[in-house]
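Whenever a hint applies, use it, and build me the whole structure from the sequences.
Keeping their order, the protein sequence lines are chains A and B. In terms of my numbering, the first sequence opens at residue -12 and continues consecutively. In terms of my numbering, the second sequence opens at residue -12 and continues consecutively.
Careful, some of the hints might be misleading.
Any copy, or any two copies together, can satisfy a pair, since identical chains are not distinguished.
Stated by the list, open to error - For lysine to aspartate or glutamate, the following EDC-like pairs were computed, each having C-alpha atoms within a straight-line distance of at most 20 Å: (1) Lys263 <-> Asp64; (2) Lys183 <-> Glu147; (3) Lys385 <-> Glu35; (4) Lys240 <-> Asp267; (5) Lys241 <-> Glu78; (6) Lys194 <-> Asp304; (7) Lys309 <-> Asp64; (8) Lys241 <-> Asp180; (9) Lys309 <-> Asp68; (10) Lys385 <-> Asp345; (11) Lys309 <-> Glu63; (12) Lys194 <-> Asp64; (13) Lys323 <-> Asp2; (14) Lys263 <-> Glu63; (15) Lys177 <-> Asp404; (16) Lys82 <-> Glu401; (17) Lys378 <-> Asp31; (18) Lys337 <-> Asp151; (19) Lys398 <-> Asp345; (20) Lys240 <-> Asp180; (21) Lys177 <-> Glu121.
I should point out that these hints are in silico values taken from the structure, not numbers from a laboratory.
Number of protein chains: 2
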Amino acid sequence: MKTLFRNASILKMDDSPILFGDLVVNENRIAYIGSDSEKYGPFDRVIECNGNIIMPGFKNAHTHNAMTFLRSKADEDNLHDWLFNQCFPREALLKPGDIYALSKVALLEQISGGITSCLDMYFYVLEHKKAMEEMGFRGVVQGCVNEAYKTNDLVKLYNEINTDDALVRFSIGHHSEYTTSLDEMLATKKALDETKSPLQIHLSETKSEVEECIKKRGMTPCEYFDSLGLWDNGGVCFHCVYLSEHDIEIFKKKNIAVVTCPGSNLKLASGIAPIKRYLDEGLLIGIGTDGPASNNCLDMFKEMSLVSNLARIQTGDSNAIKAYDILKMATVNGAKILNLEDCDTLEVGKYADIIELDLSKPSMQPINNAVNNIVYSGSKDIVKLTMINGKILYEDGKFFINEDIDSIYEKAQEITDRIDKEFFEKNN
Amino acid sequence: MKTLFRNASILKMDDSPILFGDLVVNENRIAYIGSDSEKYGPFDRVIECNGNIIMPGFKNAHTHNAMTFLRSKADEDNLHDWLFNQCFPREALLKPGDIYALSKVALLEQISGGITSCLDMYFYVLEHKKAMEEMGFRGVVQGCVNEAYKTNDLVKLYNEINTDDALVRFSIGHHSEYTTSLDEMLATKKALDETKSPLQIHLSETKSEVEECIKKRGMTPCEYFDSLGLWDNGGVCFHCVYLSEHDIEIFKKKNIAVVTCPGSNLKLASGIAPIKRYLDEGLLIGIGTDGPASNNCLDMFKEMSLVSNLARIQTGDSNAIKAYDILKMATVNGAKILNLEDCDTLEVGKYADIIELDLSKPSMQPINNAVNNIVYSGSKDIVKLTMINGKILYEDGKFFINEDIDSIYEKAQEITDRIDKEFFEKNN
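Written out as structure tokens, the structure is:
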């Protein structure tokens, strides 16, 4: 299968200027970028871009896809009540197969918004892994030591799943300091060390999380993990709203990345992460939507404009972070965090995870600065096409997957209603 | 022309529950809502809604449509530098016809996002009025005493334009305390009193605006206008980030509405308006996008989620404002502020300004709560159809207006490039 994107504004995201020209995809990789594409033909499909932007797909560096069943549920709770009184008791009612079915709605949502990869933390990784593979979505599923897995399982899964050309990969982490026992942490450390993997974890999301940890352990969560050697292979930390000065030092020394989830942090009234500060410190920063229960949408456009706007309001400086730096967080940096550097930029040889953004939408006009238009004015309606691994999964509002969309929705609604019913029976 | 919306989830926005049924539009008004629509046929067009939401269109209570030429320009400036060093000098280069042409891009953007009315403050109202009329967009254009108009002109325009069935209406106001002379204010007061109109004005948008006014006049801007009797017919105030306790009392006593523009306030690092506080005080609150120069998009979905999220983070209470109350701000309250109560809700006899929201988009699934889905997960891609005054102007991503979209864009780009060139020639 050979596809030609013709007459595109090519935003490679490698810090070079936008290039007007063609891009050829051969099977699942980029074969050519330039102005002389005809010699690479014939093509199975020619996409006339009419000057539209093509760029690497967004990388959603933190989500819990299967939590679609909790979307628009308990929207007015704070993090603690929401997590302990709603999420955990409802999650306890999930049955085998549910996570697989519920994840699919979240994958469709991400595909329609130009997200081509995500880092998905949830139970029973083989279920959401299967959902991604069936849909043709490139993802990373994160396992941790809990009822389902032991250390040896994690290492085995890691080695089995992470083959060279795997569409879905596997990573290792924990939920958080306040939900993980010392035994579980030490067991995970063993798996991290054996696989040379960074620890992936929710960290310093709320003020009370940090305060409780200091009260209990005399250390911040970051310091506590450091004392256990859990950062020895680096780290990927979700949220990072309340890092101390010493935490920031540890982040720099131990090569720990920040994944900011501004929409979720606002919704749960957790706080505003000091992203400008982290950027100035040279930390690697990606962007996550968090799950559909706490955001409630998986929309990188909303998150990008929040990263920009919250940095402005927090610092009082309307020049806090440039639009291009935010677009890098949402693409290249995310790819680095997901360990997917084979699809971070548009470059010959890289995987063809490409989106086309429609500059003929009125929010993209006139064009003073295409990057600023995307970051400050973009929304899901400008996503014209989403290609993952060389296959077009979404174009002009339609999905091209091997499954009926309505039946995906019906199944998800059925599970949602069943869990709702059981939850109310248990609690009333 | 008779149109039937069949099998819709009808969200009337009159505080009644969502009703499943049909809605009939006859010419430009709603003729029937219920489950027995067939007797109102035959219909020129039957829209099968498949359970999709139909609801009143969004009312954008503050914008400067023609500022599309400044979109993605000087995105890193603060309000003062942006206004005085970029906007004002570039606006001085506008020629007759420019405002008409530039406004059209903003109207397309709003139509594609389900906005069916806006309150548009800009120079030379007859230009943007013409743009709205040609496109079939219901709007209110705001004139003020400046080089173009004298008091008598304002009163004359008010009486001539505001006929009973006018698609575009006229209102009276000022830019702000810091850009209007006392003579101009008093002349406007005369026009306000003669037409019994509320004063419409940017108010307390930045801390320095308030501080400067107190320094200069010993009063807040709100108190100053009060001392001049400018609130005698009520008021509509844009931004209201920094109202004092006494200002709030004046707002209550003088029947002054708040139009919050959270996206713009963040972008210009102006601050976060205490909307929860205003709501508790019983003030009427609408939502505005502000212009394309300071937001940069005219997207009510982004604004609604900001109103929700900023109230949560500001109060520390994740239950600060309910989703339905935010949807009311974006529709019913906006209509009241625009003095367009003949299209505020879906009700027989009201103007048919209706949007259809596509619940088969993945961000709308599953459906635990349709209103929460719209407010927290909605984005422009869920807008399936926009009808204004009984006419479908947008459906399935396509515009149905009497004009070629590309030529609208070309004209706007031409003006933008010309002004850019002249600006640089003058400043270098």
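We went through each hint and held it up to the structure:
1. Lys263 <-> Asp64: For Lys263 and Asp64, only the inter-copy Cα distance (16 Å) is at most 20 Å; the intra-copy one is 28 Å.
2. Lys183 <-> Glu147: within (15 Å within a copy, 76 Å between copies)
3. Lys385 <-> Glu35: Both: 18 Å inside a chain and 19 Å across chains, each within 20 Å.
4. Lys240 <-> Asp267: Within one copy only: 15 Å inside a chain, 48 Å across chains, cut-off 20 Å.
5. Lys241 <-> Glu78: Neither, since 34 Å and 51 Å both go past 20 Å.
6. Lys194 <-> Asp304: between (24 Å within a copy, 14 Å between copies)
7. Lys309 <-> Asp64: Between. Shortest inter-copy distance 11 Å satisfies the 20 Å Cα cut-off; intra-copy 33 Å does not.
8. Lys241 <-> Asp180: Close inside one copy (14 Å), not across copies (68 Å); limit 20 Å.
9. Lys309 <-> Asp68: between (36 Å within a copy, 17 Å between copies)
10. Lys385 <-> Asp345: both (15 Å within a copy, 13 Å between copies)
11. Lys309 <-> Glu63: Classified as between: cross-chain Cα gap 8 Å, same-chain 33 Å, threshold 20 Å.
12. Lys194 <-> Asp64: Within. Shortest intra-copy distance 16 Å satisfies the 20 Å Cα cut-off; inter-copy 32 Å does not.
13. Lys323 <-> Asp2: within (15 Å within a copy, 48 Å between copies)
14. Lys263 <-> Glu63: between (29 Å within a copy, 14 Å between copies)
15. Lys177 <-> Asp404: Neither: 40 Å inside a copy, 61 Å across copies.
16. Lys82 <-> Glu401: within (12 Å within a copy, 59 Å between copies)
17. Lys378 <-> Asp31: within (12 Å within a copy, 41 Å between copies)
18. Lys337 <-> Asp151: Within one copy, since 13 Å is at most 20 Å while 62 Å is not.
19. Lys398 <-> Asp345: between (32 Å within a copy, 19 Å between copies)
20. Lys240 <-> Asp180: within (18 Å within a copy, 68 Å between copies)
21. Lys177 <-> Glu121: neither (32 Å within a copy, 69 Å between copies)
This entry does not satisfy hints 5, 15, 21, going by the numbered hints stated previously.
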